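From these two lone chains plus the hints, build me the complex, please.
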Amino acid sequence: MASSSDSSTPRGEAWVWFSGLGLIIGLGMVIGLLSLVVLNGVTVFWAPQVPVATVDDGRTIIGQLAQRRVRAGSLASEPRYELQYQVGLRELNGNSYVWVDEAKIKSESFPADILGLERVENGPAFVRPQSLRKSDGKLIPVTDLAFEDAFQVEVAAATNIREKLVEITRHRIGDVNSEMDKARVALRRAEDLKLAAEVAALRRQIAGLEERFASLQAEAKAVVDRGAVASLVSRDASGREVVVPLTQVIRAWFPNRLDTWGRIKLFISRLGEFVFDEPREANTEGGLMPAIFGTLVMTVFMSLMVTPFGVITAIYLREYAQQGSVLRIVRISVNNLAGVPSIVFGVFGLGFFVYVLGGSIDRFFFADQLKYNNNTPVFGTGGLLWCSLTLALMTLPVVIVATEEALAAVPRGMREASLATGASKWQTIRDILLPASAPGILTGVILAMARGAGEVAPLMLVGVVKLAPTLPLDGAAPFLHMDRKFMHLGFHVYDLGFQSPDSDAARPMVFATTLLLICLVVCLNIGAIWIRNRLRARFKGASF
Amino acid sequence: MPQLMNPPSSSRIKVRPATEREGRKDYISIRDYGFWYGQKKALDAISLDIPERQVVAFIGPSGCGKSTLLRNLNRMNDLVDGVRHEGEITINGRSIYDPGLEVISLRRRVGMVFQKSNPFPKSIFENVVYALRVVGVRDRAVLEEACETSLRKAALWDEVKDRLNDSALGLSGGQMQRLCIARAIANRPEILLMDEPCSALDPIATGKIEELIHELKDQFTIVIVTHSMQQAARVSDRTAFFYLGKQIEYDTTEKIFMNPSQAQTEAYISGRFG
Ligand SMILES: Nc1ncnc2c1ncn2[C@@H]1O[C@H](COP(=O)(O)OP(=O)(O)OP(=O)(O)O)[C@@H](O)[C@H]1O
Ligand SMILES: [Mg+2]
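Chains D and W, in that order, give the protein sequences. Here the first sequence is numbered in my numbering, starting from 1 and rising by one per residue. Here the second sequence is numbered in my numbering, starting from 1 and rising by one per residue.
Worth double-checking, as some hints may not be accurate.
[Unchecked claim] Within a straight-line C-alpha distance of at most 35 Å, the following computed DSBU-like cross-link-like pairs (lysine-lysine) qualify:
no.	chain 1	residue 1	chain 2	residue 2
1	W	Lys41	W	Lys25
2	D	Lys164	D	Lys134
3	W	Lys116	W	Lys25
4	W	Lys255	W	Lys122
5	D	Lys221	D	Lys182
6	D	Lys265	W	Lys208
7	W	Lys41	D	Lys425
8	W	Lys255	W	Lys153
9	W	Lys153	W	Lys122
10	W	Lys255	W	Lys41
11	W	Lys25	D	Lys134
12	W	Lys217	W	Lys255
13	W	Lys153	D	Lys425
14	W	Lys116	D	Lys425
15	D	Lys164	D	Lys466
16	D	Lys164	D	Lys182
17	D	Lys425	W	Lys40
18	W	Lys40	W	Lys246
19	D	Lys164	W	Lys40
20	D	Lys425	D	Lys194
21	W	Lys116	W	Lys217
22	W	Lys217	W	Lys41
23	W	Lys153	W	Lys208
24	W	Lys255	W	Lys25
25	D	Lys425	W	Lys255
26	D	Lys425	W	Lys208
27	W	Lys217	D	Lys425
These are computed hints drawn from the structure, not numbers from a lab. The model shown is predicted, which means the values in this text are computed figures rather than measured ones.
Chain W with its partners taken away, still in its complex shape (with noise of 0.2 Å):
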């Protein structure tokens, strides 16, 4: 393993405590869980709890699952040829895969926003009132009304207010990034998705859109992926850590990143590996 010239202790990351907050425990309830993309095992007995209105990160090496765990939760890897899963994960006691529930009224719960910004071709206003458009919300007043408060909570709005109508194509890597959160919570999903939303970023964009997930958490249940340690620490309350699509480690942010009961999870967010 290299060793990096100033390894990151963990004393030197700055954890904020976990917020204790009412809701349900085990809002998505993830149990023995396994995925296989054709013969290659991807996850391998995966158990963890998310609590609702917290910010749960996944951190862990390249290639360890926690893309794969994270576009399960609102079943985006069915588009994928040939997977296959066992286990169950449950949001608010409900299986998401009861064959009763729609994949579509399942995704409606659950937003993702991507790594790479991918706003559509279309006006500003058009990308973030997609999810009501889809829907069949036609009222203009409702639509404008969902597009400002979607774009003020994106802190997004001041930006681009007087130019809804421009191609969101015209933005700026950050601000394109702000728009596909706002388009993600336009129609008000309970769960929030985010698989490392700030790795194309610069540390300004990065330091808005944590700031945005610290107050999204009111309303949302936030689950991200980040390769930052700096970022987990900052934005989370709990932490999962990933290693070859195994769970190590899943605890409040505190304890993994003070104290951790695994060997591999020190390593790792001392940067010795990974």
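Chain D on its own, in the form it takes in the complex (with noise of 0.2 Å):
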């Protein structure tokens, strides 16, 4: 081959145009599947005008297109589209959306008097709005000038009702509940161990919450009763009557008749309840603050636990461990620890952390919550504790080679010179070592954090759950409940995704759900860079 080896030809040029190429399929994907999570996800939020459609077969549409897609069957040459509308109206149409045939629509039009609705049951509704019965008998026709103002005020009236009623009925009725539920365990104990004071004294706590549960229903009963009659008559696209009370009402806007700015107001509003509410309606409407809040906490928590046994494992590989073949080992078997599915990780938590541990736990602490609370475990079942505990464990690999390549990475000179000064071993690790590789062990922090995020597959054994009740934190001593089951972003996008009964409604919520865990993950890291940034500004011009 002695004619290629002194050939001119530069021999690595195919391999540059060939790495080009991995670099260029490489960011395409990463680009697509962000720009189609960004786009799908942020349109969910944004109100388009709704059509009203005549269709061939004697139907008539009212809804807001959802997808338009090639007819299954048709042709490649002449491609046959057919379109999905979000009719709404569930209660009396059975589904939310239709799909109809685009080659069958005779006609559309945009008229101004379309209402959208967002209601707490039954999903969204396009209705024509005919008149308004206001609470105090009054019918409004929606010719009337005074319509519009009328249906605000109202709407905002019954909000209210509505906002009150949860407070009594969700918070207040469910704390006494709670407070109830722990007094009936102690009475249940004391009964069993024939404490009579206590036995009374417990009775009497127990009436005066059932006293409280009463006028708290009262209240509620109250409320409704005062207002909750406001009702909007209209009719839906075959003109069938359609009445819905106002307290069912969350939003109500005029699609065709929005300009961009009421578009954008509309579009802020609800992202502002996608963010900060709960969830509505089996998942698929309303809010994801828990879930947002049940992230948040958890990974946070995996950090906390990660990098301290990660750091010292990796001080005692490098510094303390003999160096030799059990010590190469071992350094194996923590990298192949990364290549373990996580599903294993999970299963691993579910029997030692969940059962072995918590089950002790219980046992040792607890044991009067199991014996008279019908064996009710505390830290015995998933919990943010053990879901912390088991990505900690499965991060772990990533904190350790982390940590060891920063601590390798210290110069030596750092090293000899604090212990020519007499430092012992462990005082130039605290003082030295460790604040000169506090960068890379974040960065390590930084990755572990990103896959811990992320992760879902262990956590469904370990705690997580699709509706938690409460949230992880929360006014009630011990103000941190660590045994709580909570919600999370991964888990809820794969819970709409393939188990919500809705799949046409889920969807645009899984794309808005992802965004948001991405954007929650970005957010994350981008603070744990923000600091590695500045430890890393005190060794600049370090010039070893």
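Structure below.
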């Protein structure tokens, strides 16, 4: 091959092209995925114009265009499309969405009187309003000039009533209920141990709680009775009358009348609800606050647990352990741990953390609770603590490897200088090596956090649920409830996408949730990177 | 052996007359000392006495074991895997390998300045007082006092007194080296080991550090490794010449430079090999 070796063609050229191609493919896939998620996720909250369409077969449709796709079976050369409209009114139509052959649509118009409603139950509705029945019984027809103002006022009043009801039924009655549960368990214990004084006191407490419960219920009923009679009378596309009580209305808008600013306001209001509110309608509507919060708290705890463990392990491996074949095997095992499927960690977490550790904690510290509360476990079931621990275990190798590398990268001179001044090994590690390798360690933590925040499979086994009644952090002592089950964005995506009864309604939410999860991970990473850069700045100018 | 264009004759080097002072003549005593890195013998049958409060220079061609010997005086070479020694080193009559003597306390008595300056990524103040912090000194007044004295001794005080809390990494190379000297003397060791402290410095900084060595000699016993004959002649009272891990000659600096007894020494200091 003498000719090729002394030929003047730069032989590396082809590889440059190949690596460039690889880069383009990689970047293309990342950008494609991101833009798919961003586009679909953001448009969920945008309110487009809503058409009235008449179809060949005599149907009339009022609905928001959801999708357009090639009909199955149509030729590739002359594709025929079909459209999916979100028509809402699930209680009448049985389904919120309908498919229509595009070719069969006879006419399409955008009349200004179409009203979009977001409702507490049964999803959205697109209707043509007829009249408003006010809470004082008066009927205002839509043609009346006062209609719109009266409608706004009544919706605001109804919203007020609904919020009051939620406050009473969900929060205050919920608090009474949980206190009652506690008192009942205590009572059972007191009765069992024959503590007469305590039994009497607890009976009194329970009686008091029951009284409070009854009075709250009465209060709720009073609120319902006082208002809540206003309703909107309207007709759907086929002319049927639809009566919607205004307490059911969360948001109302005229999609064909809104100017751009109005649409932006609607967008912001929906986005705000999505981020700050609780979910409704089997998670397909409402907000994700509990899931965002759960993901955040879990990720932070995971980082708090994995960092000390990982750093201590790495310090031992690098600085104290006898370097040799045993250590090599340990290192290989640690590295391979990173390749174990995450579900295996979930199984381990369930078997060891939940059943063994949690079970023992319950037996030793919550024995009374178990005995007098129908064996309801406290820590012996999935929860925030076990999720964090399981993920910490899963991401441990990342932190160990990063810390070892960072320690190895500290210049030898620095280490020797410290030892030469008479510092002990531990002092050298604590005062010199750890601060100098902090940026590298943080890089490891960032990677661990990103991996942990996006993980779903193991969490399903050790404490993530579809719908958690309470947040892991609240005003009741001890404020942080590590034993509670919680919601998680990643699991939410899975649950919406694959477990939801109404997959059409869930689809946009899947994208929005995914986008939110990505944003959350990015935010966490930016925070960690900011800290790392501040640390790095302290070492700038180092000339070793 | 390549001949130099203008071989510096030994007579051209100005030698300071050795100062005679009181103190143990065998303050550091090295006896039949041999040292191995794994299978490789780096030092062979070294025997020399270093008197108290004098400056001793180690000279010799690269790889002859100067640093190895120096680093053994405070047992820094213990950090290297697979090392072995024979013979004995005593400081003030006590073996440094005495099992009852902790390495840490030995190193607190024997300070070291390295060839490459190696300040910690901390403030100038924290760098200087590191040795005191290590022994648990908390008192701010004591720390500040020690910081100022050491920086003054290291001829750095005037340059940095207004920015003690700035990062040490913002200093110039020469300043960093003087900072390292200040750090090494902050806890008042008895012996100061310097491994080519001026090799990365310009003549002015070198001059300052040589000046410093003169002044420090009143309080410390100093062992300095250097590649510069002039420097050895200028700063040291006694000089040891090594070649391939063997001690060729050890005598007063005057004698070594004016009238060496070994032909190899003569050849080396006149620049004919090495
Ligand atoms: N950590 C080590 N492991 C193995 N061999 C070493 C080690 N350090 C030094 N040596 C060897 O020991 C011998 C003496 O090295 P030493 O560093 O003491 O030389 P030196 O006289 O200081 O040279 P220079 O003037 O270049 O600094 C050399 O042959 C070197 O290769
Ligand atoms: Mg050397």
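A quick look at each hint next to the structure:
1. W:Lys41 with W:Lys25: holds, 29 Å
2. D:Lys164 with D:Lys134: holds, 20 Å
3. W:Lys116 with W:Lys25: holds, 31 Å
4. W:Lys255 with W:Lys122: This hinted pair is violated, its Cα atoms lying about 44 Å apart.
5. D:Lys221 with D:Lys182: With a Cα-Cα distance of about 26 Å, the restraint between Lys221 (chain D) and Lys182 (chain D) holds, given a limit of 35 Å.
6. D:Lys265 with W:Lys208: violated, 72 Å
7. W:Lys41 with D:Lys425: With Cα atoms ~28 Å apart, Lys41 (chain W) and Lys425 (chain D) stay inside 35 Å; holds.
8. W:Lys255 with W:Lys153: holds, 30 Å
9. W:Lys153 with W:Lys122: holds, 21 Å
10. W:Lys255 with W:Lys41: holds, 29 Å
11. W:Lys25 with D:Lys134: violated, 111 Å
12. W:Lys217 with W:Lys255: Satisfied, since the Cα-Cα distance of roughly 20 Å is no more than 35 Å.
13. W:Lys153 with D:Lys425: holds, 28 Å
14. W:Lys116 with D:Lys425: holds, 21 Å
15. D:Lys164 with D:Lys466: Answer holds: Lys164 (chain D) to Lys466 (chain D) is near 26 Å, not above 35 Å.
16. D:Lys164 with D:Lys182: This hinted pair holds, its Cα atoms lying about 26 Å apart.
17. D:Lys425 with W:Lys40: holds, 27 Å
18. W:Lys40 with W:Lys246: Distance of about 14 Å is within 35 Å: holds.
19. D:Lys164 with W:Lys40: Between Lys164 (chain D) and Lys40 (chain W) the Cα gap is close to 86 Å, so the pair fails against 35 Å, i.e. violated.
20. D:Lys425 with D:Lys194: violated, 60 Å
21. W:Lys116 with W:Lys217: holds, 22 Å
22. W:Lys217 with W:Lys41: Satisfied, since the Cα-Cα distance of roughly 33 Å is no more than 35 Å.
23. W:Lys153 with W:Lys208: OK: Lys153 (chain W) and Lys208 (chain W) at ~11 Å, within 35 Å.
24. W:Lys255 with W:Lys25: Given pair Lys255 (chain W), Lys25 (chain W) holds - Cα atoms ~18 Å apart, limit 35 Å.
25. D:Lys425 with W:Lys255: violated, 43 Å
26. D:Lys425 with W:Lys208: Holds - the C-alpha atoms of Lys208 (chain W) and Lys425 (chain D) are around 33 Å apart, at most 35 Å.
27. W:Lys217 with D:Lys425: holds, 30 Å
Checked against the numbered hints above, the structure violates hints 4, 6, 11, 19, 20, 25; every other hint is satisfied.
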